[in-house]
Structure formats: structure tokens, C-alpha cells
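Engineer: Chains as they are written, first to last, in the numbering used here: chain A, 2 to 336; chain B, 595 to 949; chain C, 21 to 347.
Don't read these hints as lab results, they were simulated from the structure.
In this text, all values refer to a predicted model and were calculated from it rather than measured experimentally.
Be aware that one or more of the hints could be misleading.
[To be verified] Examples of chain C residues lying across from chain B (beta carbon under 7 Å, computed):
#1 G152
#2 N155
#3 I279
#4 A317
#5 L321
#6 I325
#7 A326
#8 F327
Glycine residues also receive a C-beta, built at the ideal position from the N, C-alpha and C atoms.
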Amino acid sequence: MTSITKKVMAVAAGAAVIVGLAVAPATAAPKSGLKIAIIPKAINNGYFTAWNKGAQKACKEIKATCKYIGPTQATGPAQVAFINQAIQQGYNAIVLSAADQNALAPTLKKAKAKGICVVTSDADVADTKTRTVAVLPASSDRIGAAEVDWIAQEIGGKGKVAILSAAATAANQNAWIEAMKKQLAAKYPNISLAGVYYGDDDATKSAQQYNQILTEHPDIAGIISPTTVGILAAAQEKKSKGSKVAITGLGLPSQMKDYVLDGTISKFGLWNPIDLGYVGTYAAAECASGNLKQATGTKLKAGTKTYVEGPNGVIYLGDPFTFTKGNIVTFAKIY
Amino acid sequence: MKSGGFRLGWDKGIILLLVLLILFGGMSNELFLAGDNINFIIGDVSEVMLIAFPMALLIIVKEIDLSVASNLTLSSAVIGIAWHGTGSMWIAVIAGLLTGSLCGLVNGLLVTRLGLSSLAVTIGTLALYRGLCYVLLGDTPVADYPTEWTDLGYQPIPGTFLPWVVVPMVIAALAFWYVLHGTRLGRWLFAIGQGDEAAVFSGIPLKRVKLSLFVLTGFMCGLAGLAYTIRFASSSPDGALGFELLVIAAVLFGGVAIAGGVGTIWGVVAAVLIWGFSRSYLQLAGWDANALVIVSGLLLLVSVAVPRILSKIRESLAHRTSRPSSRGGVTPPPGGATEPLSPAVAGQDQGSHRG
Amino acid sequence: MMAKVMRIRELPIFVALLLLLLLTGILNPAFRTGDGLTAILIESALIGFLAVGQSNLIIMRHIDLSVSSTAGLVSFLVGSYSMNHGGVTGGVAILIAIGVGATVGIVNGALVAYLGLPSLVVTIATLYIVRGIFNYLAAGITVTADQLPPYFSWIGSGEILGIPDLFVFAALAAAIMTLVLRYTRWGRDLYSIGSNPQAARRVGIPVPHREFAAFVLNGSIAGIAGLMLLSRFSFADATAGLGIELYVVAACVIGGVAIAGGVGTPAGALIGAVLLQTIAFALGALGVSQFWQQAVAGALLVAAIAFDRIVAMRSTRHATRLVEVPV
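I would like the entire structure built from these sequences, with the hints used as guidance.
Structural biologist: Okay, here's the thing in C-alpha cells:
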């Protein structure tokens, strides 16, 4: 090569770099041909079937092989076996909804040591160093506050409310409950919290707890249930008993459609688990391609949208959707 | 002893099955026998195996303990509370072991002093101990254990791929084997299992033996609770759910008859390992979690059905070569009253629930 | 005289139940409105109904832990049939329930009664197998109210004379079963087998046939319980019925059906189920913290078992004497 050609090439290269830096998308496209394990809390749960739908969609787009594996019981110890499977079978990345925020730490450390990228989606772990990023719906504060606002609207800003939660040890539940208490204290001095009841994400127990609430507090004005099983059980019980309690919380539109249409519930919300799975898989693929690390301010491009990483590698998708009579039918068809 | 000889046959058969499984699995899937995978499998079955040993002894004397999972979790909870309270892991460990033994003691006293059925009582203590976990921990699991301890959970013994938990497992296996098959106490256990009344008449301190077994079971639950806590670097009130059925299933699969009086420690070891290895193999082969549950159930059925069918075949062969049955039209009951020497294959009763 | 013995056995439990209801009503005025009692009755209907079938088996010194899987499977099968065929008639629903339930019962019964395998082992195995099949079929699918014919929730929430339908059904079943056990040859055979299987055989009772029949009956009952699950919640997915088998056994034991066999009645088992439910409710109504409730319930369960033992020891002597007299 002549020296002039070399110089031209150098300038061209330099220019390309400058142009590239200015115009480059947040993360380059992920490598193709990656192997990604999609691990839900439990495989038989409808919510995670939707979550997986999003993951598989992303997989097709980035030409990765994704396998949906997980336990039948939503416990940390049960999930560990499947994380191990991913490690043994040499997967490049894991998208995980953590059933237990603590119990998975040792196994996740093992995965990291083997160079496997771990991304949590939907439910995070306590030790943020054991995973690269977490794709979560919205900050606990916003989710909890939103639910309190919904119930406050319905009961006219005063009265007694109770919370019908899932398992007492569920980390995200407890975070939301704390957020709810904060919001109640800050904005609604005329609403008092009667108590927190645990339905363990079991239909029978949740229904029982609903009746317990009504028995212990016959003057209860509203019940907030931030769990799809709980809100469904509460709606069911309310309808069959003709109670006059306002109910809101987080629920799957496909399950709650009837209760909204017949007026048992007027407003509730949820994010879209499909999005969580979709973005989570993109994050995992980008991490496995070396394009994504845990650093505040990093931008992640998933499909057509771009998300920004916050502290500790948390990526929020945005506020939950609110479902009412107006949009429930549309959303019920999606998830 | 006819049945004992047969059960020893099952015991050897199961060890053979384990060897075949490992060979076949290793040849057909190169990931199966990776050191790292074996490390995981052994860790995965460690708690079940530790509790299966004393459970085998209990079932041999026709008792049972359904509270083991709750006991394990309670011990783990106490370890957590003690760790937070004293800042010393060693004190916490001792507290956990004591808790386990105490829970076992309560079970044992209810059974031996009040004469309650162990099946019924341990359903009650299952709920009680689990409930106490919630009382102690509420909704906040303990997860800040020192890393020197939690690293033991998955880092192998230097120079090998074996997890540290294999040390207590091997010691326990050897100790239990020796007690059951090489001491007078072991002979007493078999004697009790084959006939309570006769055992008492020959001077065996029935109640004291059973009480010790329950305490021993509790202690092992405490030890398993420690292993569990380390493996998952946390103590939570909803740990080890459903474990009790797993342990019992493993013990029964290992050739310990629910009717009492028969069983070997090696059978139990082989059974637990088969369960762990077969699950891993199927998982690596792509079977999903639901299929694994079905396989566990089928294995359990096979473990009791096969010896039974074989003994029936032997029976009918024996009848054909000897004089025809003189019992008239009444068919001999399946292993009940007419085979006092083989309660192992009798199996009509649940064993521990005589009045 | 036999009637007196039977009544003595259930009386302490019934009295305990009344006392507990009274106490709760006094300490928590909200309870007195009757809503609390209605809630208790609905909740105990399912477990009570299952306990009716289970008591037959426990009386004969057997057990069936697979009932929760069977009930869950049936609720899902009927629900998804309705989902796929735009509805399901009562006849088809009952057919599926009894068909599936009886099949599981036949498998359990054949293995225990004719092959002589221990019932604890067999039913743990079928619990796993049926649950695995169930999970496999139900993976990710949820059946919701709009896919079920309205009569399901209508039955689930309906009342007759102020008592929930489901409980009336369970109570009728318990009453009929108790009478059958007391007044028919078949029924009395069960007590004989439970008191002394060897003697029962020698007296000529066809023990395997009785055991087999009881398992098939219990399986069918578990199937119908699946329909009750569906009507109670109008909702079915892979977690349906999970974990209730030990509660059913506990209800039987509390209700006087001793694990030792030979004593107790289905009516007692139903009362046991109601008592269990009342304890759970009362603890909440009395303001016991959520985190203490399970521990207290467990302690009460142990106490009930110990108490039951004392009563059983007295009744057994009576029952055995009666039953050994050939009829």
C-alpha cells in the first residue's frame, strides 16, 4: 500500500469512528446463535407463560436458541436445579425471575464464575452483584403508590383498607407494601390500614383470608391485593357474597375481565409480563455479546425501544397500565 | 431369614441399578459425569440423605416422622436468629443442632410416653414446627451469613470436585451402617420391627430405643438444616417444603419395608443417589420438571411392586412344587397372617399404627 | 348401645367446636352476624367431603394421600373441557369426575388390596404421578369464570336455608356414609377389618374386596371434590388442590377416626374438618398475629390428637367387643 492510501484509510477510519460514536445505538446488535435459558419462578403459571412469550419473541428476532425451563414449585431451592442445568449445558446467558431473593446467590455466583451472563426479569435477587442487570416493571414506590391511589379514588379518600398479599417472605410484595404504607401516610390521612393478610398465592387461602378480613373488620372499605391470585380470589368472593368492598390491585386482564365488565372491580393494573420477558432476553443477549455491563447510565436497545440503566443495574420498564371497563377487553386478549 | 435375604437382594439390585445408571448416563451424555455436575447432584441430595438414615431406622421399628422438613427449617431459622443474636456462627450451629434434637425429643415423648400414633402426631408437629419458623423469622429471612461459611456450600474440597457436605454424609453413612448392621442395638431394631411384644419380652427397652431414634432423627434434621442454610446462604420460614415425602419415598425405594423389621443402609444410600442422578440425567436430556415428578412416583411404585410381584411368583412356584394348598377356597392373604417371617412383603399395615 | 358408643366418640369434638364458636362470637362481635359461620362452613365443605371418603380407609388402617392430586386434576379437566367446548353439562362434568376419580381409586385399590402393597407408599406414588400428569396437561393454562357454565358458581355460592350448598352436600354425604357404616354388613366389615384384620379374614370377611371398594369410592369422592373446587373458585390451574391431603387426614383424626383403625365415623370426620377451619378463623378473629397462627394451630392439632387417643382407647374396647360378635 502506498503511504497516501494508508493516510486516506487512516482518516477514513478516524472519520468513521467519530461518526459511529455519534450515531451508534446504545448497544450494538447482539451476536446471533446464543443459547439462553429462560427460567421462571414456576413453569405452570399463566403469568410466566406470557412472560415466556415475550422472551421467545425476542429470541426469534436476535436468532438465539432459548429454552424455557423451570420448577413446578415456585421456590428458590427448586429453581437452583435448573440454573445448574443451564450451567452444565453451557448456556451463554440466563433470564431469571427469582423465586427467592437469597437462596439463589451461591448458584448464581457459580454461573458468573463460568462466564454465564445472568439477568433477572420480573423478580430480582438481593445481591445485585450476582446478576448483571434487572429488568423490573417499575420502582416499588410507584407500583405501591399507584395501587393506593386507585383504592383511594374508589372509597372517596377515607375509610379502612386491608392488604391481601402473597407469601410473607416475598420480597417484591414486601417492598410494595412498604411503598403503600408510605403513600397512605403521605397523602391519605383519613385512610387507615387495618392489616396485612397473606394468601400465599394460593386460591383457597386467599379466599379464606378475604373472608377473614371481612369477619375481623366488617366496616372495611377497600382491599388492595398486589398479586394476581389474590385479586382474583377477592373478586370471586366479593361477587358470590355481594359484599360492598372496593377491590383493586395487580391482576391479569384475561383473568379479571368478567369482574370488570360486571362492575365487581372498577380499576386495577399490571405491567405487561410479555414486555418483561422481551426486554430481559435482549438484556441477556447483549450481556452475553459483551455489550452490556452493570453501569449506571448504560443504554439498552431492545427491539424498537431504548431503556436506561439505573443504579445497581436496575432497568425500569415504566409505570403499570391501568385497566378499566374501557380497555379491559383489548388487553384481555393479549395477556 | 427368608425376607431378610430377599431384601438384601433388593439392596444389591439397587446398587447395581445405580452403577448401571451412572455408566449409561455417562456414556450417553458427556455432561452427566462432569465433576461440576456431580458436585451439584451430591449437594442437591445431601439433606435428603442425611435425614434418610435415621428415618430408615424409624421405619424399621415401625414408626415414622413426618415433621422432618419443618424440623429442618426450624433449625435453620434458629441458626439465623442465633447468628444475629450472638454474631458467632459456631454458637448458631450448636443452637441449630440442639433445636433439631429438641424437636425430635418432643416427637419421641409424645409417641413413647403418651402412646400416640407417630403418623398422627408428626402431622401435628409438622404444622407446629413450621409455624414456629414464622414466629421466629416472620417475613424477613436471614441472608447475611459470612461468606467463609456459605462458600462451603458450593466450592469443592480442594483437589476434588466433591462438595464439603460429602464429609458429614460419608461419616453418617458409615456410622449408621455400623450401628444397624454391626451392633446389638441394630439387632434390637430389627427385632422390634419384626415383633414388638416379643422384643419387649426378650428384654429390649422398647420405649428408650424408640425415644432415642426420634431424638437422633431430630439431630440429623438439625444437621441437614445447617447444610441447607449453607447451600442456600439463607434461612427462610418456607424452606424445604414437601421434603418429608421425598425422604420417606427415598427410604422406601431403598428397600426399607414400611411394615418394619427390614432394611439396609446401603440400599438407602443407593436409593437417594439414584433419585439424584436420574433427575439430573433426565433434566440434561431435556425432560421437563413435570416429567421428573411422574418419574419419582413411578420409581416409588416400582420399588414396592417389584419385590411383591417377585415374592408372589416365588409363592406360586413353591405351591406348585409342594402339595396343593389345603386352605380350601380361601386364597392366602397377600403376605398378611400366614407369613410371619416376612413382614417386609406383608405391607398391609402402615406399620406404625397399632393401637 | 352401639349408638351410644358412637355418639360418645364424637361428642367431645362437637362440644369443643361449639365452645370455640361461642368463644369467638363473644370476643369478636363481627363474628356473630353469621357471615363468619357461613365462611367456615364453605371452607370446611371441601375438606369435610374428602374426609368422608378418607375415614373409610383410615378405619381400615389405610390411607390415601393422592386425593389432592385427583381433585385438582378433575377440576382442571372439567374446566378445560368447558373451555374447549363452550360449556359443560352437569352430566358430563359428573361423568368426568367419577371416571377419573374412580380410575385413580381402582389403581390405588388394586395395588393395595390385591397386590398387598402398603397404602402409604402406593398413594404417595400416585400423588406424584397424578400431580405430574396434571401439571403437564395444565402447564400455563388457566381456566377462568367466563369459560365455565354459570351453574358452577351458582352452586358454589348458593345457600339452602342459610347454609351453603356445598356444606349441605358434604353433610348429607357424611350422614349417609355414617349410616351405611353403622347399619350395613359392608360398613360393619370395615370396622372389623380395622380392629383386627387377621380375625376379620378368619371370620370370612372378603378383606381385599372391601379395601378395593373403599379405595374406588374414595377416588370417586376425590373426583367429585374436584367439581366442588371448580364451583367454589370458578378457576382452575396447575396449583389446584395442592397440599390438602394432610389436612384431610388431620380432620379425620381430630374427628375421632383414629389412625389405629377400627373406630370413628365420617360424621366425626366432617366435624373435625369444621373444627380445623374454626380454629383457623378463630385465631384471626381473636387477633392472633398471622405469624403465630400456624404454630398455634399445630399445637392444637397435637393436643387434639393426644386427647383423641384417650377417647379412642376407651371406645376401642367397646367397639371391638361389639364387632367381634358375628351378625
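Engineer: Indicate, hint by hint, whether the structure satisfies it.
Structural biologist: Quick rundown of the hints versus the structure:
Taking 7 Å as the C-beta contact cut-off toward chain B, the hint placing G152 of chain C at the interface holds, the least distance being around 3 Å. For the restraint placing N155 of chain C at the interface with chain B, the shortest Cβ-Cβ distance is roughly 4 Å, inside the 7 Å limit, so the hint holds. Below 7 Å, beta-carbon pairs count as interface contacts, and I279 of chain C has one with chain B at about 4 Å; its hint therefore holds. Interface restraint check for A317 of chain C: the shortest CB-CB distance to chain B comes to about 6 Å, inside 7 Å, so the restraint holds.
Residue-level restraint check for L321 of chain C holds (minimum Cβ-Cβ distance to chain B is 4 Å; threshold 7 Å). For I325 of chain C, the interface hint holds, the least distance from its beta-carbon to any beta-carbon of chain B being 5 Å, beneath 7 Å. Evaluation of the A326 of chain C hint against chain B yields a held restraint, the C-beta minimum of about 6 Å falling below 7 Å. This hint is violated: F327 of chain C has a C-beta 10 Å from the nearest C-beta of chain B, more than the 7 Å allowed.
Figure legend: structure checked against the earlier numbered hints; the only hint not met is number 8.
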